[in-house]
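S.K.: Whenever a hint applies, use it, and build me the whole structure from the sequences.
Letter by letter, the chains look like this.
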Amino acid sequence: MITRRTLLKSTAIAGATVATGGLGMPAIAQGARIRLGYVSPQSGPLAAFAEADNFILSNFAQSAVAENFEVIVKDSQSNPNRAADVAQELIIDDEVDMLLVASTPETTNPVATTAEFEGVPVISTVAPWQPWFIGQQGNPGDPGTWEPFDYAYHFFWGLEDVISVFTAMWAQLDTNKSVGGLFPNDGDGNAWGDPNVGFPPVLDAQGYTLTDPGRYQNLTDDFSAQINAFKQNAVEIVTGVPIPPDFTTFWNQAKQQGFTPKAASIGKAILFPQAVEALGDTGHNLSSEVWWSPSHPFTSSINGLTAGQVAAAYTGETGKQWTQPIGFVHALFELAVDVMGRVDDAGDGDAVAEAIAASSLDTIVGPIAFNGAGLPPFAARNICKTPLVGGQWRLKESGGYDLVIVDNSDQPSIPTGGTMEAIA
Amino acid sequence: MIWVDTILQGILLGGLYALFAAGLSLVFGIMRLVNLAHGDLIVLGAYLILLLVTMTGLSPFLAAAIAIPLMFMLGYGLQKFMLNRVLGDDILPPLLVTFGLSVVLQNALLEGFSADSQRLPAGTLSTASVEVAGINLGVLPLLTFASAVLVIVGLNQLFYRTSLGRAFRATSDDATTASLMGIKPASIFAKATSIAMIIVTIAALYLGMRSNFDPNIGPARLIYAFEAVIIGGLGSLWGTLAGGIIIGVAQTVGAAINPEWQILAGHVAFLIVLLIRPRGLFPRAVD
Chain A
52 MITRRTLLKS TAIAGATVAT GGLGMPAIAQ GARIRLGYVS PQSGPLAAFA
102 EADNFILSNF AQSAVAENFE VIVKDSQSNP NRAADVAQEL IIDDEVDMLL
152 VASTPETTNP VATTAEFEGV PVISTVAPWQ PWFIGQQGNP GDPGTWEPFD
202 YAYHFFWGLE DVISVFTAMW AQLDTNKSVG GLFPNDGDGN AWGDPNVGFP
252 PVLDAQGYTL TDPGRYQNLT DDFSAQINAF KQNAVEIVTG VPIPPDFTTF
302 WNQAKQQGFT PKAASIGKAI LFPQAVEALG DTGHNLSSEV WWSPSHPFTS
352 SINGLTAGQV AAAYTGETGK QWTQPIGFVH ALFELAVDVM GRVDDAGDGD
402 AVAEAIAASS LDTIVGPIAF NGAGLPPFAA RNICKTPLVG GQWRLKESGG
452 YDLVIVDNSD QPSIPTGGTM EAIA
Chain B
22 MIWVDTILQG ILLGGLYALF AAGLSLVFGI MRLVNLAHGD LIVLGAYLIL
72 LLVTMTGLSP FLAAAIAIPL MFMLGYGLQK FMLNRVLGDD ILPPLLVTFG
122 LSVVLQNALL EGFSADSQRL PAGTLSTASV EVAGINLGVL PLLTFASAVL
172 VIVGLNQLFY RTSLGRAFRA TSDDATTASL MGIKPASIFA KATSIAMIIV
222 TIAALYLGMR SNFDPNIGPA RLIYAFEAVI IGGLGSLWGT LAGGIIIGVA
272 QTVGAAINPE WQILAGHVAF LIVLLIRPRG LFPRAVD
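For the record, the sequence lines run as chains A and B.
Plus 51 on top of the position in the first sequence (first one is 1) and you've got this note's numbering.
Plus 21 on top of the position in the second sequence (first one is 1) and you've got this note's numbering.
Please keep in mind that the hints were generated in silico from the structure rather than gathered at the bench.
Warning: the hint list may mix true and false statements.
[Said to hold, decoys possible] Label-pair restraints from in silico Cβ distances:
no.	chain 1	residue 1	chain 2	residue 2	range
1	A	198	B	167	51 to 61 Å
2	A	225	B	167	39 to 49 Å
3	B	83	A	255	43 to 53 Å
4	A	283	B	134	37 to 47 Å
5	A	449	B	134	16 to 26 Å
6	B	154	A	348	53 to 63 Å
7	B	75	A	255	43 to 53 Å
C-beta: ideal position from N, C-alpha, C; glycine also.
M.R.: Written out as structure tokens, the structure reads:
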């Protein structure tokens with residue numbers, strides 16, 4: 052029976068359905084544009100990596116080529132399972148032509164694996180290539196079984212580069228060559244401390260002695276065991292890949308215990324200026340790997356801006372200091388635009404994958420070509436290495452820190468801004 | 022000498038864990054409420070102090086003094102308008118509400134303060150130390166430990182010397198009978214949560230000065246707090262301090278043997294205590 056009330060209710064629902072249907076219409080019309088799916092950790096513990104995403108995406112949207120593209124952005128929430136889910140959504144619901152993914156193996160690996168499985172081309176970055184390539188293999192422990200990928204491509208540096216950069220920085224100082232390792236029990240820590248592919252064999256070959264007390268758990272509140280071990284072995288150089296809160300705990304406790312090494316070259320923890328600022332004045336002359344900086348002599352293939360100009364634009368727009376992922380996420384879109392410009396049918400996954408493999412593009416992070424330069428044969432097809440140099444955080448008089456490049460022995464084209472200084 | 026140092030560092034670390042745990046112990050002891058948002062409330066307190074420090078340029082200690090009444094009121098409102106509505110015979114609804122609160126707090130902080138890791142500026146205090154018989158003890162860990170002891174002493178005074186404390190204990194023992202005697206459990210619960218939030222703010226002060234914090238760091242600290250409460254025994258505040266110290270010492274001693282055992286050793290110590298004394302070392306209430 053139709054009463055006045057039910058009639059009103061049902062027409063309201065029908066009206067709402069018509070309205071939402073109408074909203075959906077333009078999306079179908081936009082199907083003609085090339086669809087890019089972008090996944091990054093915009094929230095959660097890894098969110099600092101994706102902090103510049105909005106800036107890069109809005110810059111891309113303003114560029115001339117952007118009208119051919121529709122970028123669908125998804126948040127991995129720093130969760131590998133969520134990353135795989137959103138990749139699946141992008142592929143099945145949004146029918147993207149290509150996936151782009153950035154920042155840490157926890158984000159890149161699930162997305163790349165999903166895309167490879169579904170036969171959708173994917174370009175990935177901001178994760179050392181070993182955890183990216185080996186981490187996605189069926190049996191990471193057996194190199195004999197490792198297979199290259201058909202649709203997944205990655206550009207970044209590898210562990211061998213960071214080892215080479217760190218040792219080159221230490222060589223600039225007069226030390227007793229006694230190194231202490233802070234390797235946590237996570238993907239990065241185990242790779243860095245690995246007796247075959249990590250720091251130990253290289254340090255051994257170069258005459259350094261390594262004190263490695265063992266893998267500790269992340270978010271440890273006390274480092275007295277490590278500090279005592281370092282003191283006993285007269286360690287003058289500290290290296291490792293702790294997470295930011297752990298490094299702060301370690302560094303403060305080390306100072307309290309009167310342990311000050313001459314050099315501390317730390318991956319991951321002091322990547323972002325905010326993390327160094329959290330150390331107060333004691334972050335002066337800490338050293339780290341530098342994958343991108345405003346002084347890198349590269350320009351964007353999309354808008355022709357130099358690295359310095361992009362970094363300045365970021366600071367101008369957000370009021371924040373530049374961070375290293377800016378260049379790499381930007382380069383991700385450069386490569387996508389370049390690849391899509393070289394294919395006739397963006398929806399043909401095989402053709403797109405072939406086009407990625409054939410890339411030779413000068414980007415804001417340096418030249419990208421999947422030619423296997425500097426890589427072992429098994430990884431040559433899917434990976435391109437980008438330049439890596441070493442830098443030191445220097446305390447500014449006005450407060451805050453500047454990252455100064457102090458070692459470019461592997462990449463002489465990137466200018467240094469000073470030389471390595473010992474920690475006072 | 023290294024062993025003495027290891028154990029002393031462990032005891033000082035225990036002070037930090039006891040501070041995390043004291044507020045939890047209070048709330049858990051009085052209303053049997055497992056507050057899963059406790060860690061996130063500590064992080065919220067740290068952000069509040071940070072906000073006051075950046076806005077006014079005060080030292081973190083003074084900023085914490087301003088934050089305490091604010092957090093006190095927040096605790097009162099939280100209990101009165103939210104948690105009291107779900108407290109009842111069933112322990113599940115309050116548990117779920119605090120779980121939800123934890124998620125909401127994390128995401129609200131992420132939205133408001135971004136994911137950047139922050140730290141309270143402690144200046145030279147963060148690296149200062151005093152030498153006692155050849156062993157360097159950090160000033161900040163010493164202050165943390167002293168604060169933990171003061172908080173426990175203060176809570177004990179409150180519990181056993183005041184009428185409010187009597188009401189707390191009565192409600193803890195039997196809320197129904199207590200209400201027959203003219204005590205309003207809902208109001209007692211609100212007061213207990215407010216006091217817990219004072220301790221939360223003190224814990225936030227030391228957490229924030231000791232190391233970096235970001236919106237997601239709360240839950241990781243919660244587990245040690247829980248373990249300290251359980252080791253100490255329900256309702257025993259000195260027990261909570263003892264529980265914190267046991268976990269702290271177990272961690273540093275475990276780490277001295279091998280850093281892989283650091284966190285594990287704390288958990289193992291907890292399990293051993295639970296095996297030998299399922300009700301904790303110094304349980305007050307019988308239930």
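S.K.: All hints, please: hold or fail.
M.R.: Checked hints:
1. A:198 - B:167: 51 to 61 Å: About 59 Å separates the Cβ atoms of residue 198 of chain A and residue 167 of chain B, which means 51 to 61 Å holds.
2. A:225 - B:167: 39 to 49 Å: holds (42 Å)
3. B:83 - A:255: 43 to 53 Å: Once the Cβ atoms are compared, 52 Å apart, the range 43 to 53 Å for residue 255 of chain A and residue 83 of chain B holds.
4. A:283 - B:134: 37 to 47 Å: holds (40 Å)
5. A:449 - B:134: 16 to 26 Å: Given range 16 to 26 Å: holds, Cβ gap about 23 Å.
6. B:154 - A:348: 53 to 63 Å: Check passed, 57 Å falls within 53 to 63 Å.
7. B:75 - A:255: 43 to 53 Å: Distance hint for residue 75 of chain B, residue 255 of chain A holds at roughly 47 Å.
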